[in-house]
Amino acid sequence: MNIEQTIKKQSLALLAKDNWGNAIGGFLIAVLPTVLLMILDEVIYNIINLFVNTNTLFYQGVLSFISLALVVVWLFSTPIFTGYFRMCYLISKNQDYSLKDIFYYFNKEKYNKCLSLNLNIMIRILGYFMIFTVPALIFSVFFAITSYVALLAFAITLTVMAFVATIFVCIKYTIVPCIYFEDESISNEEIIKLGLNFISDKLNDCRKILLSFLPYILLCFFIVPLVFVVPYITVAFMNNGKWIASLYIQE
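Per the working numbering, the sequence shown starts with residue 8, numbered consecutively.
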């Protein structure tokens with residue numbers, strides 16, 4: 008049995024121990040603020056486009072409000088998602104937990120460190136996105152404007168490949184939360200450094216695990232499977248991460 012089959016089998020067994028309900032419920036709670044904001048933004052945007060001149064100060068003010076709301080949701084959702092990942096990590100280690108653990112980082116010291124770590128990782132991922140994907144997107148827009156259909160198809164293919172490359176490179180950061188969950192006392196810079204060092208020899212295994220979930224990920228286009236697939240993938244990567252993080256514990 009290869010690594011991806013082993014991890015997936017272990018993860019399903021862990022979820023089957025009365026953990027499916029909490030894993031799904033935690034995901035729904037974590038994603039709820041983002042979904043509500045998307046709905047609210049869409050409603051507000053459509054209303055003001057119907058009744059408000061786009062050149063007015065009121066229109067610009069509403070757009071500023073929407074932008075501010077995005078920041079507020081990020082500040083609120085980030086610790087919840089991190090708490091959800093931690094809960095899934097505890098599931099992967101077969102340790103005691105409760106659904107309220109997703110709010111674990113709503114504590115002054117934990118909250119600030121959590122936001123700082125997530126922002127650090129987001130900036131790094133954004134950097135890779137800019138390097139790999141943005142040039143391909145620019146080519147796609149250019150060829151779309153100039154009506155070079157054949158070249159546009161090539162540019163779109165290039166964009167997809169660049170996006171996949173970004174994911175394959177950034178998958179190395181999946182170990183970082185596991186190091187964080189094991190030892191919150193060390194600095195964020197050290198957490199990232201340790202995570203990248205420990206995962207360097209295991210990157211191909213992580214990519215194989217991700218690819219093995221591709222059929223499940225495609226099912227998410229039908230929305231409903233999302234509530235099962237995301238918890239399954241999250242527990243699987245936390246399960247894989249716990250073995251890599253164990254190297255840190257041994258040291």
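Please note that the accuracy of each hint is not assured.
[To be verified] Within a straight-line C-alpha distance of at most 30 Å, the following computed DSSO-like cross-link-like pairs (lysine-lysine) qualify:
{"no.": "1", "residue 1": "K16", "residue 2": "K115"}
{"no.": "2", "residue 1": "K117", "residue 2": "K249"}
{"no.": "3", "residue 1": "K115", "residue 2": "K24"}
{"no.": "4", "residue 1": "K117", "residue 2": "K100"}
Quick caveat, the hints were computed from the structure, so don't treat them as lab data.
Subject >> Indices of hints not satisfied (ascending) >> reply: 1, 3
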